[in-house]
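The residues making up each chain are set out below.
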Amino acid sequence: MNTEQKIEAILFFKGEPISRKKFSEFLGVGQTEVNESLEKLKENLKSRGIVLQEKENDITLGTASELSDLIEKLQKEELNKELSKASLETLSIILYKNGVSRSLIDYIRGVNSSFTLRALSIRGLIEKNIDPEDNRRYIYRPTFELLSFMGIKSVEELPDYNLVNNSIESNAQNLAEELKKNGTDI
Amino acid sequence: MNTEQKIEAILFFKGEPISRKKFSEFLGVGQTEVNESLEKLKENLKSRGIVLQEKENDITLGTASELSDLIEKLQKEELNKELSKASLETLSIILYKNGVSRSLIDYIRGVNSSFTLRALSIRGLIEKNIDPEDNRRYIYRPTFELLSFMGIKSVEELPDYNLVNNSIESNAQNLAEELKKNGTDI
Amino acid sequence: PFHLLLSLIEERKFFINDLSLAQVTEDYLNYVNKLEKQDSSEISSFIVIAATLILIKSKSLLPNLDLTSEEEGDIHNLEERLKLYELYTKLGGHIKDMFGEKIIFAPLERKNDFLVFLPDNRITKESMMTFVRDTLGRVPKKVFLPEVEVKKVISIEEMISKLTERIEKTLQMNFKEFAGTAKTKEEKIVVIIGFLAMLELVRQGILHVVQEGNFKDIIIKKQEADAI
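Chains as they are written, first to last, in our numbering: chain A, 35 to 220; chain B, 35 to 220; chain C, 52 to 279.
Calculated from the structure, these hints are not laboratory results.
Possibly wrong hints are sitting among the right ones.
Said to hold, decoys possible - Below are the DSS-like pairs computed for lysine-lysine, each with C-alpha atoms no more than 25 Å apart in a straight line:
#1 B:Lys48 to C:Lys162
#2 A:Lys110 to B:Lys76
#3 B:Lys107 to C:Lys176
#4 B:Lys115 to B:Lys55
#5 B:Lys110 to A:Lys55
#6 B:Lys56 to A:Lys110
#7 B:Lys48 to A:Lys80
#8 A:Lys107 to B:Lys107
#9 B:Lys214 to A:Lys48
#10 A:Lys162 to A:Lys89
#11 C:Lys147 to B:Lys55
#12 C:Lys176 to B:Lys89
#13 A:Lys89 to A:Lys115
Model, not experiment: these values are computed from the prediction.
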């Protein structure tokens, strides 16, 4: 069996996110082969009921977002789909920046975000990790759970994601205008 | 999405055998369509890492038999891994509050504990049961094997049991208050 | 606070710049004064922003008023932050629309066919007690004390006092200028006097915040700082 099939079997069996590095180690193949196989797998899953989700270097499988209503009926645990205004603002920054420090979140929101960050973290929508560039602070990132609730396979699928990330922050105003032109609701 | 894709997603999501009859009922389609879709799915999975397994009228998804060595190796590796700090923390809360809900564990730890609870459960250290007070959620307890491994007959024998248990109780009250105050947004 | 400011600007269909900020300053200050009765942690973040708006407004009323480079930096900063805030609240609209609508579900927990029991030597009565205590010890207290904000509030109070003085001085110096444009002279003076009265109100609001904090830990910190 080829690497693509092995990867699919492992993802299916584990039912949890696995890193590219882990695949490479566990299967004893190079990073390039892992990456190529993942691309093929993604392609092959396109017309199926299962999708491949990606976040940083982690991969996981989930059910197709189009089948949301169907699968929700099979889900016993209650789903919380509510988001407060504070949560929306905070998630928007964390998703579109795809990893951000608390101080920057507070700076953009103009208020202390610790309570909101804790609540979102308890819900499993965000996670914090030590900043690789400065080990005295944390970086907050979206979790697979958050991508799942948004129905996207990776952050790049967010509407206007490239528009936002390809431009420089100081052009925020122009961007806001651009979004308006694109018909984005405020 | 077509019936084949729906069946695949359901099998993947549930991870347990489901009867043809059940599919027909749940999807509201005839037996013929279920059978045909299952044939197509079987065909489509031929070159993949996942296979459709059939026993009498029950269907389940599994990993390809050629990959059984690989999966066994994965399983062993997972079980022989050291427990993480997150696991030990979570376990200690479950020991000091026998029958604790996931939301209280999450609240105390400030992060979502789903994956950690899964890992503890796979190793037979904890067991989960439906909460008698709310059937949409689970409560967690230490297993008998764990207690005897620790050399105790009941959790009350743990050092400072009453003190710690009271402290967990007061956190439970805070959580209840916050939920009341913030509605569902926590 | 940004939400309030942004909605004031958007109500008027303005873009974010020092001109529009000057226009909404009074509405903003009025709102902050109404907030007085709320808890100090909330109002302090509003007042920090109010201080910068006051600078912008003062400058727009009195172009001759000299601003320090720090003050100019604050103004520039507020505009930038507001633009960022606007951007991310707009993007937040996408999240609101999409969240929970089309969910990708992770598979349910796989059932264990075989029973295993795999403990770890680190699980002992003593270690479990240590772990549970450490974990409980990290649960944050219910109230987050906004130490930093309160310190800022105190310095803003000083800043407003000084600014009031500076405006009054500039006003006297520029009186001739005002007299020169007789048409709008009275109007301008009325506006500036009104604005000064507003400043005084805000100053009282800040004092109120500081007094509110009197029985809390924060003020002890302030006194310590003063002693040094």
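Hint check, failures only: 2, 3, 4, 8, 9, 11, 12
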